[in-house]
Amino acid sequence: MLIAIITLLTIAVIFGLILGFAAIRFKVDSDPVVDKIDALLPQTQCGQCTYPGCRPYAEAIANGEAEINQCPPGGDPTIVALADLLGRDILPLNPENGEVKEEKTVVIIDEEICIGCTLCIQACPVDAILGAAKQMHTVIIENCTGCDLCIPPCPVDCIYIVPEKTSANNWQWPNPDEEIRTTIAGHSS
Amino acid sequence: MTTASPKIFNFHGGLYLDEHKSVSTSRRIETAPIPAMLVLPLSQHIGAAAKPCVAVGDTVLKGQLIAKADGRVSSQVHASSSGKVVAIEQRAVPHPSQLKAECIIIETDGRDIAIEQAQTGLANYHSLSTNELRQRIHDAGIVGLGGAGFPSHVKLKPNGHQVETLILNAAECEPYISCDDMLMREQAPAIINGLRIMQHALHAKNCMIGIEDNKVEAFIALQEALGQSDDIEIVRVPTRYPAGGERQLIYSLTGKQAPSQGRPLEIGIVCHNVGTAAAVHNAVTKAEPLISRVVTLTGSGIPQPRNMRVLIGTPIDDLLAHCHANKADIGRTMIGGPMMGFAIDATASPVTKTTNCILVTHQRDIQKPATALPCIRCGECADVCPMNLLPQQLYWYAHSQEFDHIQDYNLFDCIECGCCDVVCPSRIPLAQYFRFAKTAIWQQERDTEKSNKARQRHELRLERLEREKIEKRERHNRKKAALKKEPDQKEDPKKAAILAAMKRVQEKKSTTGITPGNTDNLSAEQQHKIDEANARRANLNKNNNKNGP
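These protein sequences, in sequence, are chains L and U. All residue numbers for the first sequence refer to our numbering, where the first residue is 1 and numbers rise by one. All residue numbers for the second sequence refer to our numbering, where the first residue is 1 and numbers rise by one.
A few of these clues could be false.
[Stated by the list, open to error] Here are a few chain L residues that face chain U, going by a calculated C-beta distance under 8 angstroms:
hint, residue
1, Thr-10
2, Phe-21
3, Pro-42
4, Gln-45
5, Gly-47
6, Gly-53
7, Asn-94
8, Pro-125
9, Val-126
10, Asp-127
11, Gln-172
12, Pro-176
13, Asp-177
[To be verified] Listed next, the in silico DSSO-like pairs over lysine-lysine satisfying Cα-Cα at most 30 angstroms (straight line):
hint, chain 1, residue 1, chain 2, residue 2
14, L, Lys-134, U, Lys-438
15, L, Lys-165, U, Lys-450
16, L, Lys-104, U, Lys-503
17, U, Lys-503, U, Lys-51
18, U, Lys-529, L, Lys-134
19, U, Lys-453, U, Lys-479
20, U, Lys-438, L, Lys-104
21, U, Lys-479, L, Lys-165
22, U, Lys-503, U, Lys-480
23, U, Lys-469, L, Lys-134
24, L, Lys-104, U, Lys-453
25, U, Lys-450, L, Lys-101
26, L, Lys-165, U, Lys-100
27, L, Lys-101, U, Lys-51
28, U, Lys-100, U, Lys-450
29, L, Lys-134, U, Lys-503
[As the list claims (entries may be wrong)] Computed from the model, here is a short list of chain L residues facing chain U with C-beta under 7 angstroms:
hint, residue
30, Asn-97
31, Gln-135
32, Trp-173
33, Asn-175
No wet-lab data here; the hints were simulated from the structure. Values in this document were obtained by computation on a predicted structure and should not be read as measured data. Every residue gets a Cβ at the ideal spot worked out from N, C-alpha and C, and that includes glycine.
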């Protein structure tokens with residue numbers, strides 16, 4: 001009887017130590033679900049989801065505080081991917097958060113009008129605007145995510161939304177499905 | 001010498017197509033006239049676009065370097081004739097997107113004066129090291145003339161691999177195109193010499209020429225040029241499209257398969273086109289940069305189909321006019337052959353280094369594309385696929401845009417030869433789906449890269465803001481501490497100095513009685529100027545306050 005208790009206790013202590021060591025040695029710093037959700041979000045950092053950036057939104061989804069349909073830049077593909085990941089139902093995009101843009105856009109600053117107030121620099125979530133106080137500002141186009149957060153603070157309305165430029169490097173062949181659809185639509189009308 | 005009956009390995013699939021080649025091979029290669037305008041795109045090759053090294057208004061000579069290669073995988077661009085640079089701007093170029101691209105526009109003077117090249121031509125290329133040879137080929141702006149336009153100097157670098165076999169691709173399997181055929185008939189010695197130069201640059205052990213068995217005259221010309229030497233083996237391959245596909249030709253000649261999504265160099269094989277060989281010959285032995293190429297002008301829209309030696313940059317419109325093609329009758333203009341070529345709208349586009357064929361179809365011969373019917377899974381496409389892929393499976397996933405699954409079926413091994421299109425009983429534009437899927441996947445990859453960069457930049461920004469906040473707080477605390485300490489530090493020398501100075505001013509004022517401002521005895525004009533200055537100051541202060549952070 002006593003031997004049995006001691007044996008079991010010893011085993012319990014040994015396993016406890018192993019578990020305790022593993023908990024420290026193989027500690028996961030951040031929630032892996034949040035990382036996975038964050039990887040699916042478009043990283044525009046636009047805040048249209050009502051959270052201050054993509055990661056906070058990912059955390060909110062993981063905690064069950066937010067729905068998966070609050071990201072307009074991601075649109076339907078993101079919603080489907082999130083539903084797939086989390087085993088939730090696919091929802092239509094919540095119109096309260098905004099609409100899906102027809103095409104990808106970036107912003108440009110009209111450098112003639114810019115007064116160098118730095119307000120847009122402070123608004124840009126990805127530091128894609130270059131400039132200093134009372135110096136002309138400019139947008140580093142490659143880094144612009146098209147979040148449009150710099151537009152409301154501008155006191156002289158010199159920031160414009162323009163479609164992302166298509167060149168031979170990012171040009172895509174059209175989807176034959178769409179071509180077929182347009183031909184059929186053309187025939188029926 | 002050619003061996004009696006070399007072993008030919010048969011690649012999977014392929015098609016016997018109507019050739020339509022003889023219509024353009026009855027005449028000798030004709031030299032096209034110098035056009036009034038040359039439009040030279042900066043990007044006529046795979047890799048980074050060249051950087052212009054001339055300015056608008058400069059006078060240039062034939063063969064003068066006008067745009068420098070930018071980086072390792074890039075190519076030089078030379079002026080094709082003498083004249084004046086009139087613009088560097090966006091112009092229509094032959095590209096399936098119909099997008100414009102940066103071009104150097106030269107107004108030719110018709111005198112065609114050549115520049116004196118820094119290097120002289122060398123008959124004996126053996127005196128050059130392989131690096132010097134590659135440099136010459138690089139300087140001459142030579143790219144693969146078969147159609148892909150990969151910079152040749154890069155392809156002539158073994159990069160530590162032992163090159164067993166150098167293959168000259170003389171198959172030219174696509175219907176209508178005959179520019180390589182005609183070049184071989186007329187300039188076989190130059191091609192053979194160019195091939196030997198390339199063999200020397202690569203230290204390749206063996207050298208083979210793969211030619212389709214329908215090109216009898218070209219075959220004989222090559223044999224005559226080779227004479228009694230036996231260093232090069234000329235192998236005739238059956239005329240079956242796409243026998244001239246790089247991987248298909250390599251398999252036919254050697255029985256080896258280039259790795260999936262890898263380069264043939266990895267299995268010790270390098271493949272070059274006959275046009276490239278001739279250009280290498282000209283660059284090394286005559287010090288001539290690549291400023292012209294042979295182009296096939298054919299199709300039902302051209303009254304007398306032919307091959308022409310055309311200056312790079314010649315607008316296609318000029319060539320059509322030269323061939324008396326009636327513009328109103330033209331139904332479609334394609335660059336390349338009917339299988340892998342693409343249609344262009346703007347015939348003002350120039351001939352580039354990779355334009356091997358201009359296929360003009362009379363409008364009466366334009367057939368409306370058949371409406372695609374559902375796939376019936378007959379498997380015909382898989383039977384003809386020269387890459388041994390499963391086109392119906394690829395189509396399925398491209399159609400549903402499941403781009404992860406489509407890559408499991410090796411989408412990126414597809415050479416877009418179009419064999420599956422031809423045999424599909426449902427008339428599904430399969431190759432078009434695969435092209436779409438490839439560019440869509442590349443776009444996805446670019447998007448992921450961009451969003452990763454945005455995430456990183458956002459995180460760095462948050463870190464920076466946090467750091468700035470802490471620094472600000474620390475500064476604030478330090479100041480606070482300093483202020484607190486101040487009452488104890490009455491002996492601050494700076495403060496004392498200021499106080500002393502103020503005291504002196506006070507004393508001076510009280511003793512001399514001069515009030516600051518010096519406003520006594522002013523004339524009306526002086527008073528007016530003072531008022532103006534004060535107004536300016538007030539204005540400035542106001543602005544500063546408004547613009548301040």
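Hints and how they fare:
Taking 8 angstroms as the C-beta contact cut-off toward chain U, the hint placing Thr-10(L) at the interface is violated, the least distance being around 47 angstroms. Using the Cβ-Cβ criterion of 8 angstroms, the hint placing Phe-21(L) at the interface with chain U is not satisfied: the shortest such distance is roughly 31 angstroms. The beta carbon of Pro-42(L) comes within 6 angstroms of a beta carbon in chain U, closer than 8 angstroms, and the hint placing it at the interface holds. Interface hint status for Gln-45(L): upheld, as the beta-carbon distance to the closest one in chain U is roughly 5 angstroms, under 8 angstroms.
A distance limit of 8 angstroms between C-beta atoms decides the matter here; for Gly-47(L) the minimum to chain U is near 11 angstroms, and the interface restraint is violated. The beta carbon of Gly-53(L) is positioned within 8 angstroms of a beta carbon in chain U (closest approach about 6 angstroms), and the interface hint is therefore held. Hint status for Asn-94(L): violated, given a least beta-carbon distance of 21 angstroms to chain U, over 8 angstroms. Annotation: interface hint on Pro-125(L) holds; nearest CB of chain U at approximately 5 angstroms, less than 8 angstroms.
Annotation: Val-126(L) was flagged as interfacial toward chain U, and the flag holds, the nearest CB pair being 4 angstroms apart, inside 8 angstroms. Because the beta carbon of Asp-127(L) sits about 5 angstroms from the nearest beta carbon in chain U, less than 8 angstroms, this interface hint is met. At a threshold of 8 angstroms, the smallest CB-CB gap from Gln-172(L) to chain U is about 4 angstroms, leaving the interface hint in force. The beta carbon of Pro-176(L) is positioned within 8 angstroms of a beta carbon in chain U (closest approach about 5 angstroms), and the interface hint is therefore held.
Checking Asp-177(L) against chain U by beta carbon gives a least distance of about 6 angstroms; that is within 8 angstroms, so the hint holds. Restraint check for Lys-134(L) and Lys-438(U): the C-alpha separation of about 46 angstroms exceeds 30 angstroms, so the hint is violated. Using a Cα cut-off of 30 angstroms, the hinted pair Lys-165(L) and Lys-450(U) holds, with the two alpha carbons roughly 15 angstroms apart. A C-alpha spacing of about 67 angstroms is found between Lys-104(L) and Lys-503(U), which places the hinted pair above 30 angstroms, so the restraint is violated.
Simply put, Lys-503(U) and Lys-51(U) have alpha-carbon atoms about 68 angstroms apart, too far for the 30 angstroms limit, and the pair is violated. For the hint linking Lys-529(U) to Lys-134(L), the alpha-carbon distance of about 29 angstroms falls within 30 angstroms, and the restraint holds. A threshold of 30 angstroms between alpha carbons decides the hint, and for Lys-453(U) with Lys-479(U) the separation of about 38 angstroms lies outside it, so the pair is violated. Restraint check for Lys-438(U) and Lys-104(L): satisfied, since their Cα atoms lie roughly 20 angstroms apart, inside the 30 angstroms limit.
With a CA separation close to 50 angstroms, the supplied pair Lys-479(U) and Lys-165(L) exceeds the 30 angstroms bound. Simply put, Lys-503(U) and Lys-480(U) have alpha-carbon atoms about 28 angstroms apart, close enough for the 30 angstroms limit, and the pair holds. With a C-alpha separation of about 23 angstroms, the suggested pairing of Lys-469(U) with Lys-134(L) holds against the 30 angstroms cut-off. Of the supplied pair hints, the one linking Lys-104(L) and Lys-453(U) holds, its CA atoms being roughly 17 angstroms apart against a limit of 30 angstroms.
Straight-line distance between C-alpha atoms of Lys-450(U) and Lys-101(L) comes to about 18 angstroms, which keeps the hinted pair within the 30 angstroms bound. Simply put, Lys-165(L) and Lys-100(U) have alpha-carbon atoms about 12 angstroms apart, close enough for the 30 angstroms limit, and the pair holds. Restraint check for Lys-101(L) and Lys-51(U): not satisfied, since their Cα atoms lie roughly 35 angstroms apart, outside the 30 angstroms limit. Restraint check for Lys-100(U) and Lys-450(U): satisfied, since their Cα atoms lie roughly 25 angstroms apart, inside the 30 angstroms limit.
Our distance criterion of 30 angstroms between C-alpha atoms is broken by Lys-134(L) and Lys-503(U), whose separation comes to about 38 angstroms. With a least beta-carbon distance of about 18 angstroms to chain U, the hint placing Asn-97(L) at the interface is violated under the 7 angstroms criterion. The criterion of a C-beta within 7 angstroms of any C-beta in chain U is not met by Gln-135(L), whose closest approach is roughly 12 angstroms, and the hint is violated. Hint status for Trp-173(L): holds, given a least beta-carbon distance of 4 angstroms to chain U, under 7 angstroms.
For Asn-175(L), the interface hint holds, the least distance from its beta-carbon to any beta-carbon of chain U being 5 angstroms, beneath 7 angstroms.
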